[in-house]
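Visitor: The chain contents come next:
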Amino acid sequence: MTALLPSPETIAALVKIGLLVGGLMTAAAYLVLVERWIAAWVQDRRGPNRVGIPLTKIRLFGLGQPLADGLKIIFKEDFTPRHVDKVLYNAAPLALLTASLAIFAAIPFGSVLPPLNIPGLPDPVPFLVAPGLDVGVLWVFALSSIAVYGVLLGGWASNNKYGFLGGLRSSAQLVAYEIPLGLGLLGVVLAAGSLQLDIIMNKQAETGLWYVFAQPLGFVVFLIASFAEAARLPFDLPEAEQELVGGYHTEYAGIKLLLFLVSEFLHMVTAAFLIVIMFLGGWHFWGITGSTQEVTWVGAFLRFGILSAKIFAVILFFMVVRWSWPRFRFDQLMNLAWKVMLPLGLLNLVVVATIEEFRPALQSALGNSLTTGVAVGVPWIIFFGGLICAGMLTPSSTDNRPIRTRDPFDQERHLEKDEPMNKPSSELVEA
Amino acid sequence: MKPSDPGITWIDDKPLGLAERLYVPLLVQGLATTSRHLVSKKNTVNFPEQRPAIGNPLIYRGVHRLNRDENDRVKCVACFLCATACPAHCIDIVATESPWEDREKYPESFQIDELRCIFCGMCEEACPVDAIELTSLLDLTGKSREEMIFDKEKLLSVYDMTKDAEPMKSADLGGTL
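One line per chain: the protein sequences are S and H, in this order. Just so we're aligned, residue 1 is where the first sequence starts under my numbering, counting upward by one. Just so we're aligned, residue 432 is where the second sequence starts under my numbering, counting upward by one.
Simulated from the structure, these hints should not be mistaken for laboratory data. We treat Cβ as the ideally placed atom computed from N, Cα and C, and that holds for glycine. Each hint should be verified, as a subset may be incorrect.
Computed spacing ranges between beta-carbons, pair by pair [unchecked claim]: (1) H:Ala596 - S:Lys72: 22 to 30 Å; (2) H:Lys574 - S:Lys72: 21 to 29 Å; (3) H:Leu546 - S:His83: 43 to 51 Å; (4) H:Ala519 - S:Arg59: 33 to 41 Å; (5) H:Ala596 - S:Glu243: 50 to 58 Å; (6) S:Gly373 - H:Pro456: 57 to 65 Å; (7) S:Asn90 - H:His520: 41 to 49 Å; (8) H:Ile442 - S:Leu94: 49 to 57 Å; (9) H:Asp444 - S:Ala130: 15 to 23 Å.
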């Protein structure tokens, strides 16, 4: 009889899933509002500030906007064009959203709860749906690759040139940027010695040295690659409005479009989670949170709050960047991925591996504090050196000047076939 | 103009400096610009609660009004100059003999189709007695076309509504009053 009842562990997992999915969906809805605010403020506008509590005149700075937006898009006609592949067309948004949500099974959203002493439930309860998942980071990466599959399917099944181009761009971009993303991650995995994200966080908390300080190059590579993974500006080529209408979701409307848009925001949230957990110390903050696994109730929620605040800050950064930097051209995007990010990621990996290899030897020779100094100083020197090398060797600028040859319809053109292309201006004027 | 035209002065871009080639300093510059705008003063007016600042209300060209004289009679003498000047033909006057001694005619009805009006202000300029004027009311709305045809009473009521905020312009603007 007792076998039929769910175990306390199952119940705990279900409660966590409920909280996480509910929280994430609400967060995604409100992030749309934040995004619109930031967009407006950057452009010296006020942004949505009218919608408040429904059926009253209370405005609440526009906090009712997500509800209105959601209702609007849900009640729109769910139109399916006749020329699409029906099965794949319907499956694509579902695949994308499922993958985007399932990623969070391996992502911790806090530290641990204090001991609850419930029989059958191992204490302490971590803020993590699937605790002790050895392949945590691999799970995250595998599922974010499946999320790309949703984008591709959507673009392909739409049977529309813009959707198709969006899907193609998306695949090429994500293949290119998975590599620097993985390289940035490998440095952290090497240093922490684990693929579990909660252990990576705990390691940073124990030493108090966030990996952003120990591996600046890895951080920058990972940050840029996660912008590309989340298809945010300046890497939003899969849905560049000016060129591709809506990109891969051109043919979608109503609630399916909503699923795509929510997944996009979830991508950004995932990227922010990973950046914070792997490089910015997760729930740890010096002098506030402590660094061990023993917590009080206050401490547990303080850690959750600090993690959330850090994630929100990273998301704000994502949003401000959107209005700061222009979009890359596709060749520049590839240039950056293969000629700049890949070598820099490899450089970071080599540096971290070398330091980790010689750390015991250094510790016995120099003592603890001096070893930490070396382990932080050397990567920073390499960081600046690497950036300068990358900048000098592979500039991502191209010669866009108009070709100054003669008019192609010029009658006398054939007389001067030998004229070189693109003479310097001084010579051209003399001629 | 052909690309080879000697009249074209070709200007070469400056070669990229170290900061441009490193790219990162320029990214920081871009972020600094947006962050400055993020907190800067917003220019948008919260319209229904907050009225936009219009320049000089005395010369603003908004909704029309028909002025009254000191005896509260309509000032208009039904000379048809405004209707003649109107390029949109939106003024319709029916004149009749005046019951008062100081003028021959007065408008029995005076209608302005606010939907046809282009708010050019030529009626105001044409008026010899400064009877018709444009106020600074700018948010004119209505639910039907009929509602937007303003008759004499409505135009006089616009005067009653705005006379305190906007005195008759004649004295200030060299009118004939």
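Visitor: Next step is simple, just say for each hint if it's right about the structure.
Guide: Here is what the structure says about each hint:
1. The hint said 22 to 30 Å for the Cβ distance between H:Ala596 and S:Lys72, and at roughly 40 Å that hint is violated.
2. As the Cβ distance of H:Lys574 to S:Lys72 is approximately 25 Å, the hint placing it in 21 to 29 Å holds.
3. H:Leu546 and S:His83 have their C-beta atoms about 44 Å apart, which keeps the hinted 43 to 51 Å range intact.
4. Take H:Ala519 and S:Arg59: their Cβ atoms lie about 40 Å apart, and the range 33 to 41 Å holds.
5. Under the hint 50 to 58 Å, the C-beta atoms of H:Ala596 and S:Glu243, about 52 Å apart, fit the expected range.
6. A hinted range of 57 to 65 Å for the beta carbons of S:Gly373 and H:Pro456 is inconsistent with their spacing of about 27 Å.
7. Between S:Asn90 and H:His520 the Cβ separation comes to about 58 Å, which falls outside the hinted range of 41 to 49 Å.
8. Taking 49 to 57 Å as the suggested C-beta distance range, the pair H:Ile442 and S:Leu94 conforms, at roughly 54 Å.
9. With their beta carbons about 54 Å apart, H:Asp444 and S:Ala130 fall outside the hinted range of 15 to 23 Å.
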